[in-house]
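Trainee: Chains as they are written, first to last, in our numbering: chain A, 1 to 269; chain B, 270 to 538.
Worth double-checking, as some hints may not be accurate.
Said to hold, decoys possible - Some chain A residues near chain B, calculated using beta-carbon distances under 10 Å:
no.	residue
1	Ser80
2	Asn201
3	Ile236
What the hints assert, rightly or not - Here are the in silico distance ranges between beta carbons for each label pair:
no.	chain 1	residue 1	chain 2	residue 2	range
4	A	Ser244	B	Arg478	48 to 58 Å
5	A	Asp243	B	Asn440	19 to 29 Å
6	A	Lys67	B	Glu360	44 to 54 Å
7	B	Glu382	A	Phe61	49 to 59 Å
8	A	Asp243	B	Gly457	49 to 59 Å
As the list claims (entries may be wrong) - Below, simulated DSS-like cross-link-like pairs (lysine-lysine); rule was C-alpha separation at most 25 Å, straight line:
no.	chain 1	residue 1	chain 2	residue 2
9	A	Lys21	B	Lys359
10	A	Lys239	B	Lys311
11	A	Lys174	A	Lys239
12	A	Lys103	B	Lys508
Hints are computed from structural coordinates only; laboratory data are not their basis. A quick note: this is a predicted structure, and the numbers were derived from the prediction, not measured. We put the beta carbon where it would ideally sit given N, CA and C, even for glycine.
Residue-level listing of the chains:
Protein chains: 2
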Amino acid sequence: MYISSRANPLIKQVRQLRQRKYRDETGLFYVEGIRLVVEALKSGNKIENLLVAPELLTSQFAHDFLKTAGSNGLNKVEVSREVFESFALKENPQGLAAVLKAKWSSLPEVDRENPEVILALNEIQDPGNLGSIIRTADAVGLDTLALLGNCTDPYDPVAIRASMGAVFTQNLIKMSFEELAAWTAGKGIQLIGASGNAQVNYRAASYPRPLVLLMGSEQHGLSNYQQAACDMLVSIPMKGRSDSLNLAIATSIILYEVFSRQNDSVVSI
Amino acid sequence: MYISSRANPLIKQVRQLRQRKYRDETGLFYVEGIRLVVEALKSGNKIENLLVAPELLTSQFAHDFLKTAGSNGLNKVEVSREVFESFALKENPQGLAAVLKAKWSSLPEVDRENPEVILALNEIQDPGNLGSIIRTADAVGLDTLALLGNCTDPYDPVAIRASMGAVFTQNLIKMSFEELAAWTAGKGIQLIGASGNAQVNYRAASYPRPLVLLMGSEQHGLSNYQQAACDMLVSIPMKGRSDSLNLAIATSIILYEVFSRQNDSVVSI
Chain A
1 MYISSRANPL IKQVRQLRQR KYRDETGLFY VEGIRLVVEA LKSGNKIENL
51 LVAPELLTSQ FAHDFLKTAG SNGLNKVEVS REVFESFALK ENPQGLAAVL
101 KAKWSSLPEV DRENPEVILA LNEIQDPGNL GSIIRTADAV GLDTLALLGN
151 CTDPYDPVAI RASMGAVFTQ NLIKMSFEEL AAWTAGKGIQ LIGASGNAQV
201 NYRAASYPRP LVLLMGSEQH GLSNYQQAAC DMLVSIPMKG RSDSLNLAIA
251 TSIILYEVFS RQNDSVVSI
Chain B
270 MYISSRANPL IKQVRQLRQR KYRDETGLFY VEGIRLVVEA LKSGNKIENL
320 LVAPELLTSQ FAHDFLKTAG SNGLNKVEVS REVFESFALK ENPQGLAAVL
370 KAKWSSLPEV DRENPEVILA LNEIQDPGNL GSIIRTADAV GLDTLALLGN
420 CTDPYDPVAI RASMGAVFTQ NLIKMSFEEL AAWTAGKGIQ LIGASGNAQV
470 NYRAASYPRP LVLLMGSEQH GLSNYQQAAC DMLVSIPMKG RSDSLNLAIA
520 TSIILYEVFS RQNDSVVSI
């Protein structure tokens, strides 16, 4: 297939995927750029359409990738430069993009031999923050992220870009706070929340696994009700005028603390 | 003074301050919103003009603030709602903004009794990252930030907003990497750089003060030459597919490690 009209219905749909409404309705999302498309494919996200603008695609790596991808039965759509630029998010695009099926997971089985850490974000609003958090989550080796309540979309182009492709490495779960709290309570899993009011310094806490680390929203943190449901609350001490950190930064600081503990205990044995 | 024309030269200048070129030429910058204007004033940044739209300013706190500010001889300019909205960055602005003089500092005297930590950022490009780093810097109690080489502008509206006003708490220094390296070498101050290649885990390092923590740019990190000039290089371990963290996050993780050490040693004495 070769499309040279910006008014083609498929091309219109690609442009519409910038809006969350259309992503939610269709269950699809859009990624752009050689690196992100390759990461998406490696991670097993189902590709609906691979969009290629031969006039723009100069990378030999990308051409080799497309040959392999072609033989795997991917639905490759070639488009003109003008058409590609009509949906591209970046200036001077590389000529490779894809429409993929969003992937959502359920809470994992709890493996007591190899207990997990799960990160839960309550009503996170900023897609850049969400993407940065996912990038850190991947870096510490976490693979399960629960998005509670009315969160921004991990498949928002801003979140995907800020994650540097790490969004494809995570099991993403959509659920309510109540469902999560019932699950942790039922399984005897520690629910550890972060709050500016907490008495326990995050560096002085212990983090017995399995555990869920719960972070509140940028504007409102965790509600009193949510704080009361936690087994422990930790805070990050602050000395300056600010009374809070950026959410992605606070989350990352605590994640690095939690994940370094495993190393610490290995070292001290 | 009351301005009701968007074409007024002062109003044109206010709008131009969105562009770095005009900020650099005039040495001025623009802040908006009650909280940021009050923070800016408290920190002693010189105000050129206080811009007030009486039709928009409903906050009693802001009115009280203006009464005090007025008696301190501030140059208050009243503008119509339409004029205010012509330069406002936010939708539904609060009706208070200011044009201020940018403040730049020099390297501090080294106080051996109370040795400092200085953060140096080399060619940081993203104003959101810079603002978030400044917010963390304020939170750990740091007050001196050196911007090396071709950095983004801390007085960029995006940086100011991301800093949540913490930009006004910092002594900001513009200098070259060479100047900084000559200063640390001459004074016997540790220069500690962060690099993905470093053998030393940031958690295993010691951070004897005074010290300068040096972070590279988002795209290029620190050059080989810069790494060679450091007394020590530390890295943040990463397990996932990503080979780097967001710069603001990496900087914040190391800053919290450095500043928690003081507490650790106080506790253990």
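Trainee: Hint by hint, say whether it matches the structure.
Mentor: Quick rundown of the hints versus the structure:
1. Ser80: 31 Å, violated
2. Asn201: Holds - the Cβ of Asn201 of chain A comes within 10 Å of chain B, reaching about 8 Å at its closest.
3. Ile236: Cβ of Ile236 of chain A sits 7 Å from chain B, so the hint holds.
4. A:Ser244 x B:Arg478: 48 to 58 Å: Once the Cβ atoms are compared, 26 Å apart, the range 48 to 58 Å for Arg478 of chain B and Ser244 of chain A is violated.
5. A:Asp243 x B:Asn440: 19 to 29 Å: With Cβ atoms ~22 Å apart, the hint holds.
6. A:Lys67 x B:Glu360: 44 to 54 Å: 48 Å, holds
7. B:Glu382 x A:Phe61: 49 to 59 Å: 57 Å, holds
8. A:Asp243 x B:Gly457: 49 to 59 Å: Since Asp243 of chain A and Gly457 of chain B have Cβ atoms about 37 Å apart, the given range 49 to 59 Å is violated.
9. A:Lys21 x B:Lys359: Since the Cα atoms of Lys21 of chain A and Lys359 of chain B sit roughly 24 Å apart, the hinted pair holds (cutoff 25 Å).
10. A:Lys239 x B:Lys311: Given pair Lys239 of chain A, Lys311 of chain B holds - Cα atoms ~17 Å apart, limit 25 Å.
11. A:Lys174 x A:Lys239: Violated - the C-alpha atoms of Lys239 of chain A and Lys174 of chain A are around 35 Å apart, more than 25 Å.
12. A:Lys103 x B:Lys508: 23 Å, holds
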